[in-house]
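Student: Below are the chains, spelled out letter by letter.
2 protein chains.
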Amino acid sequence: MSWYLNSGPESDVVISSRIRLARNIKNIPFPSRINKEQAAEVIKEVKKAIFENDAFKNDFLFLNMDDITSIEKQAMVERHLISPELAAGNNECGVIVSRDEKISIMVNEEDHLRIQCLYPGMQIDAAWELCDKIDSILSRNIDIAFDVNYGYLTCCPTNLGTGMRASLLLHLPALAMTGHIGKILSLCGKLGISVRGFYGEHSQAIGNMFQISNQVTLGNSESDIRINVKNIGKQIIDSERSLRNEMYSQNPYRFEDRIYRSLGILSSSRIMTTEESLKRLSDVRLGVDMGIIKDIDKKVLNEILIFIQPANLQKLFGKPMSADERDIIRAEVIRNKLAKT
Amino acid sequence: MSWYLNSGPESDVVISSRIRLARNIKNIPFPSRINKEQAAEVIKEVKKAIFENDAFKNDFLFLNMDDITSIEKQAMVERHLISPELAAGNNECGVIVSRDEKISIMVNEEDHLRIQCLYPGMQIDAAWELCDKIDSILSRNIDIAFDVNYGYLTCCPTNLGTGMRASLLLHLPALAMTGHIGKILSLCGKLGISVRGFYGEHSQAIGNMFQISNQVTLGNSESDIRINVKNIGKQIIDSERSLRNEMYSQNPYRFEDRIYRSLGILSSSRIMTTEESLKRLSDVRLGVDMGIIKDIDKKVLNEILIFIQPANLQKLFGKPMSADERDIIRAEVIRNKLAKT
Chain A
4 MSWYLNSGPE
14 SDVVISSRIR
24 LARNIKNIPF
34 PSRINKEQAA
44 EVIKEVKKAI
54 FENDAFKNDF
64 LFLNMDDITS
74 IEKQAMVERH
84 LISPELAAGN
94 NECGVIVSRD
104 EKISIMVNEE
114 DHLRIQCLYP
124 GMQIDAAWEL
134 CDKIDSILSR
144 NIDIAFDVNY
154 GYLTCCPTNL
164 GTGMRASLLL
174 HLPALAMTGH
184 IGKILSLCGK
194 LGISVRGFYG
204 EHSQAIGNMF
214 QISNQVTLGN
224 SESDIRINVK
234 NIGKQIIDSE
244 RSLRNEMYSQ
254 NPYRFEDRIY
264 RSLGILSSSR
274 IMTTEESLKR
284 LSDVRLGVDM
294 GIIKDIDKKV
304 LNEILIFIQP
314 ANLQKLFGKP
324 MSADERDIIR
334 AEVIRNKLAK
344 T
Chain B
4 MSWYLNSGPE
14 SDVVISSRIR
24 LARNIKNIPF
34 PSRINKEQAA
44 EVIKEVKKAI
54 FENDAFKNDF
64 LFLNMDDITS
74 IEKQAMVERH
84 LISPELAAGN
94 NECGVIVSRD
104 EKISIMVNEE
114 DHLRIQCLYP
124 GMQIDAAWEL
134 CDKIDSILSR
144 NIDIAFDVNY
154 GYLTCCPTNL
164 GTGMRASLLL
174 HLPALAMTGH
184 IGKILSLCGK
194 LGISVRGFYG
204 EHSQAIGNMF
214 QISNQVTLGN
224 SESDIRINVK
234 NIGKQIIDSE
244 RSLRNEMYSQ
254 NPYRFEDRIY
264 RSLGILSSSR
274 IMTTEESLKR
284 LSDVRLGVDM
294 GIIKDIDKKV
304 LNEILIFIQP
314 ANLQKLFGKP
324 MSADERDIIR
334 AEVIRNKLAK
344 T
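These protein sequence lines are chains A and B, in that order.
Residue numbers for the first sequence follow the numbering used here, beginning at 4 and rising by one.
Residue numbers for the second sequence follow the numbering used here, beginning at 4 and rising by one.
Pulled out of the complex, with its shape left as it was, chain A reads as follows:
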């Protein structure tokens, strides 16, 4: 089952936890300076390490970027399995993904290896453990570039040291609606945490989703980084929760009106843009999380969040569609998925 169909702790605010490790192979140039043969060699080594491992081989799939359509690539970008950079790559590059989409290993992106683990809810430690396990297996088979002073060597110096990025995807409607998010953003910056809107820029993040992650990878241990992200995450979670309750108790009808109107529109509309659906799904998610809407399973919301995106929508329908056609099909997909609950 796909990871996003499971639930995790603190999932009223935390949508997902993610750990990403950057790794490179000793004595092979970084992908930006690699030749075709060397790139092919990287792929071969990584595939060997994963697919010759009995515990892993049946759960993983290798996809060479040259072999898949642009819609398929874009769909993987939307599912956060690969980066836009990998999708645009024209050298030998690809990705190894687990069937539940929890694990993805990009090969020949900015670094030779980008190992990512995604978990629902607040599960940074679980994501770390899984990432670390994959890293250990790869390290046993591949000679990883490591320096005593600089730690793991990476193409971009901002990834040196641990090569680790720990991030939380947070749903912060109350902080965003009240504008309090601004304070949080500047505070995070001071504490070494970067924040970006998951869709759109900070100030106008669509769908009220924000991703926080560590800015620095060098000079802190993996454990320190995780603790820092978790602690700041917990403070943001607390602020968001108390603000939700405050807003609700100040004017419950106004609050419920907003939520139910969004549900009514999602359940009825015939034309729906990605932007509007993210906005309205945020309201409905808030309603479910606050116990106002009782008959909708959040798994359905997570599923919708993925399938409404342009490439996944086209993949679902098995054909390329214009933006206008997508808006019509998107409305239909949302109506059908909500009607089933």
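Intra- or inter-copy, both count: the list cannot distinguish identical chains.
Below 20 Å or equal to it, Euclidean Cα-Cα: the simulated EDC-like pairs (lysine to aspartate or glutamate) are: (1) K297 with E335; (2) K282 with D260; (3) K301 with D103; (4) K51 with D135; (5) K340 with E328; (6) K297 with E13; (7) K318 with E75.
Note that these hints are calculated values from the structure, not bench results.
Treat the numbers as computed from the prediction; the structure is a model and nothing was measured.
Fit chain B to the given chain A structure using the hints.
Tutor: For chain B alone, kept in the frame of chain A given last:
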């Protein structure tokens, strides 16, 4: 059963037909110059004529304006059973209404008698026949002021002659949305027909409802007036219908999106103003009339149209409410009535 719960011909565009006759009693001053005793005498005579008639007495109710609450009065204004002027009257004045609310006879409004008959759909002739029947019964018992040259004598000279106003309440969303209504309005003026927004002014009629009626009562026969209003009504109906079909065929998804969103919002919202509900009910009515929405009975829409108005809402709930409270209860009433269909 209340008249608005029945259906009539051309009801995809015509909500109701109305005939109103102005009559006065010979040798008694017009209500603006009447004294209390004379006013009481008018009421007595009219009540006698109606309640001593075997065919009528059980179907009618007399309400003295002094005896009912201001919410009750306002509710009757909203149901178009009495005018705001009668509701505000402080002399002896009242109304005789039939139980189905099809007939109302205002006593001591601007004239001694204002006989009104309301029918659903395009039924001007039926409304006229009923009005004429009431008029005949009253005339048999009461000495009506009539002049050979000026016809029925009325307080305001604009009502002289027939004393008749024939009107149609039309739902014209396509003409209003496209702005074509402007042309219709000016054309009507040239043809002796006045148009007013049923709620709000011409240019910004809320709920896209417009009432057309004859401007002149003198110099034309009752039959000519009816024919003129019907003919112009039919031309407007044709324009509205062809414009609806044109708009729909140009972009069916856009058209249905608007309709279903309004239905979704009406079925879900927790706060709903009168103005917004009229606007959204217009969309839903259009959807039902065009066969897009199939599972909603238009009777329910007609019922909602009455019960969402401020005084009727308060009457329904049996207590005075602030505007904010009404918006909450209005949303609830609409949800409940729609959920039943």
